[in-house]
Every structure is written in C-alpha cells, then in structure tokens.
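Chains as they are written, first to last, in my numbering: chain V, 1 to 231; chain A, 1 to 212.
Treat the hints with caution; some may be incorrect.
To be verified - Coverage of chain V stretches by chain A, computed from C-beta distances (three or more under 8 Å per stretch; other residues unrestricted): (1) 57-69; (2) 147-158; (3) 194-201.
By construction, these hints were calculated from the structure, which means they are not laboratory data. C-beta: ideal position from N, C-alpha, C; glycine also.
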Amino acid sequence: MAIRSLASRRTLAGLKETSSRLLGLRSIQTFTLPDLPYDYSALEPAISGEIMQIHHQKHHQAYVTNYNNALEQLDQAVNKGDASAVVKLQSAIKFNGGGHVNHSIFWKNLAPVKEGGGEPPKGALGGAIDTHFGSLKVLVKKMSAEGAALQGSGWVWLGLDKELKKLVVDTTANQDPLVTKGGSLVPLVGIDVWEHAYYLQYKNVRPEYLKNVWKVINWKYASEVYEKECK
Amino acid sequence: MAASAAVTANYVLKPPPYPLDALEPHMSKQTLEFHWGKHHRAYVDNLKKQVLGSELEGKPLEHIIQNTYNNGDLLPPFNNAAQAWNHEFFWESMKPGGGGKPSGELLALLERDFTSYEKFYDEFNAAAATQFGAGWAWLAYADNKLKVVKTPNAVNPLVLGSFPLLTIDVWEHAYYLDFQNRRPDYIKTFMNNLVSCEAVSSRLEAAKAASS
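All chains should be built: construct the whole structure from the sequences, respecting the hints.
Structure representation (structure tokens):
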C-alpha cells in the first residue's frame with residue numbers, strides 16, 4: 001500500500017500492465033485527445049474559434065473519455081467471460097470509438113487558408129475526382145447536397161473504395177465511421193454535419209455551413225491518403 | 001389512435017402557448033426564435049410541399065405519421081410530419097414557472113410505476129442524456145402503465161403504440177445556444193423549471209379515458 005502512494009500514475013500503469021501480462025491478460029491501450037495542428041481561430045471566418053474550441057475540447061474529448069471507459073469495461077467483461085456484458089457494450093464502443101475516429105480525421109481534413117486550406121486537389125486525387133465526378137465543383141455540389149439532406153446527426157464523406165478502385169460519396173449516421181458502409185471504404189474527406197459542428201455560427205442554416213467549409217478543406221491531406229492507398 | 005387532442009395540426013405552425021421570451025432564463029428567447037421560428041416552421045412548410053398532390057394531402061398529421069413510419073423503414077414524409085407533431089407537443093409540455101414535483105393522480109401513478117418521483121426523474125434524465133445523436137425522451141402511457149422511452153431523430157411513441165404524455169427535445173438545436181455541449185444541465189433545467197404538470201396530467205386523463 002505504501003508503494004502505491006509513492007508511485008506515480010505512470011509507474012502504476014506500468015505495474016498494472018506488467019501484472020496483467022504475467023497473468024496472461026491483455027492490457028488495453030487507451031486513447032488521448034489529439035492536438036489540433038492549428039489554433040482554434042485559424043479557420044475563421046469559415047468556422048469560428050468558439051465552435052472549434054468547444055468541438056475539440058468538449059465534444060471530441062467526451063468521445064475519448066467515454067471510449068476509454070467503455071474499453072476498460074469491455075476488457076473486464078472479456079476477462080470474466082461475460083458475453084452479455086460484452087455485447088451490451090458494443091453500442092457505447094461504436095458511438096464513442098466512432099466519434100474519436102471520425103473527429104481525428106476531421107481535424108486533419110481542415111487547414112487554415114494560409115496553410116493550403118481550400119486549395120483544390122492536384123495530382124492523382126485531382127485527376128480521379130475529374131474522372132469520377134466530372135469536376136471538383138460537381139463533387140462539392142453533391143457532397144453539400146447530401147450533407148444538407150442528412151436527417152438527424154451524421155457525416156458526409158468522400159471515400160475511396162479500395163477494391164473497386166473508385167471514389168464514392170456517402171453519408172453515415174451518428175458517429176458511424178465510413179467503414180460501416182463498406183469494408184473496403186477509406187475515408188478521404190469527412191464533413192461533420194452534427195448540429196454542434198456549426199450551430200453557434202450558422203444556426204439552422206446548415207447549407208450555409210456546407211458552402212463555407214470547403215474554404216478550409218485540406219485537400220493536401222486527402223491526396224496523401226489517396227496516394228498511399230493507391231500504391 | 002388519438003393520443004393527444006391538443007395536437008391536431010392540419011399543417012399549421014401553432015405558436016407556443018406563451019410568448020417566446022416567457023421561458024427565460026431557463027430557455028432563451030433566442031432559442032425559441034430559432035427553434036420554433038426556423039426549425040419547427042421548416043418542418044411544417046416542407047411537409048405541406050411534400051404531401052401536395054399526394055394521397056396524404058389533407059390527411060390529419062397523426063395519420064401521415066402512422067402511415068409513413070413503415071415499421072422503421074421510413075417513407076419520405078415521416079420526418080417532417082413527425083417533427084411537426086413532436087415540436088408542437090414539446091412547446092405544450094412546457095410553461096413559464098413550470099417544473100418540479102407534480103401532485104394528484106400523476107404523482108400517484110409515477111410513484112406506482114417508478115416507486116418514487118425521484119426514481120422517475122433519474123430515469124427520464126438518463127434516457128434524455130443517453131439518446132445518442134438526435135432524438136427525444138418521453139414519458140408515455142401504455143398497457144395502463146407509465147414508462148420512460150427514448151427515440152431517435154423524429155420517431156415518437158405514437159408509432160410504438162403508446163400515448164405520449166411529456167417530451168424533451170434532445171436534438172442539439174434544442175439546447176446548443178443556451179447550454180452548448182452540456183445536455184445534462186439542459187435536461188435538469190427542463191425538469192426543474194419548465195415542465196407543465198398540468199399538460200402532462202390532462203394528457204394522462206385523456207390517455208386513461210382512451211384506454212378504458
């Protein structure tokens with residue numbers, strides 16, 4: 001007991017992991033909120049600093065915290081062989097894990113204008129967009145329309161179907177990651193259309209948010225992902 | 001099934017039964033202006049456009065809701081119709097100076113079916129807090145019992161065969177201007193300061209009469 005009070009949290013975590021391994025139990029990896037690669041206000045006027053701060057520090061953080069809790073409970077349930085508990089935890093894992101996955105992609109999908117936000121994609125992805133949709137303008141119109149029409153909460157995506165080797169536009173409900181729509185789908189650009197993503201600034205006018213968000217979309221990142229998946 | 005006589009709504013945007021600033025400081029005038037003036041209005045206007053020229057045109061709102069629910073495989077008019085109904089029901093679930101523990105028959109049934117008002121309070125709060133994404137939490141009456149129900153997006157207890165008695169809107173637009181991400185604070189404020197026990201009690205009477 002004295003050792004516990006002297007040990008730091010990291011040491012305790014290390015001890016826990018070691019003892020877990022000695023007992024043959026898996027230790028779970030937990031997750032942390034990723035830092036944004038830009039200031040909260042850097043995406044203005046397209047997305048306000050107020051929204052960025054709450055979206056990152058409150059919403060995304062809550063997904064991370066709840067995901068970690070669900071994973072710890074899952075670990076215990078698995079170790080106990082409690083099948084019902086394992087199944088019962090699946091929705092919390094999907095909601096919160098999905099929320100963490102999706103938002104981690106989203107922050108990379110955005111960039112300040114002075115760092116290339118809004119600059120059209122060049123190279124392989126630019127070409128593929130022209131081939132599959134006719135032009136970037138047509139793609140943007142399609143994604144904005146589907147994002148505006150989504151009822152409730154969810155995301156609109158540009159994805160790459162690795163198997164069929166083509167670009168797709170799709171939506172997911174709530175925090176479902178794109179992969180829930182097809183195992184071979186890789187997300188390239190995701191736009192959050194939950195009301196928390198735009199309400200303080202755009203209120204009920206989601207189409208206006210969708211019109212403006214393209215000014216800060218980071219096509220460089222999407223191109224990197226695309227080129228990596230196409231190798 | 002006429003679950004609530006108060007919500008007939010032949011596609012009319014009925015104003016709340018109080019001025020838009022009357023629920024302050026618990027629900028701001030700004031929220032009412034957007035929530036009723038923009039969101040609710042859009043559901044009504046879009047529903048009118050959507051059913052124009054179809055066999056649903058002119059049918060009562062509840063008829064459209066029941067006929068487009070389609071066992072969960074929702075037909076296009078469901079969202080607008082149900083949301084028009086839900087929002088009118090929501091405004092009438094609140095009143096200035098509302099909230100707190102009810103009395104009379106309503107309290108007696110809450111104590112019978114939840115053991116205590118406090119247990120009901122906790123269960124309703126939990127349902128509203130854990131409805132993931134957009135949706136609603138309800139007190140409903142079915143099989144001669146009170147129960148707490150949560151529903152996603154536009155779904156409401158009418159399509160689940162129950163009589164709605166009380167609802168809280170937990171779509172983010174309902175609380176974001178006043179509470180941002182703090183949905184639990186919004187729910188507590190609603191329960192402590194906004195619920196119209198009179199409305200819930202009269203809906204309960206209607207539900208019991210319709211069930212007998």
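Going down the list of hints, with the structure as the test:
no., hint, result
1, 57-69, "holds (count 3)"
2, 147-158, "holds (count 4)"
3, 194-201, "holds (count 5)"
When held up to the earlier numbered hints, the structure conflicts with none and fits them all.
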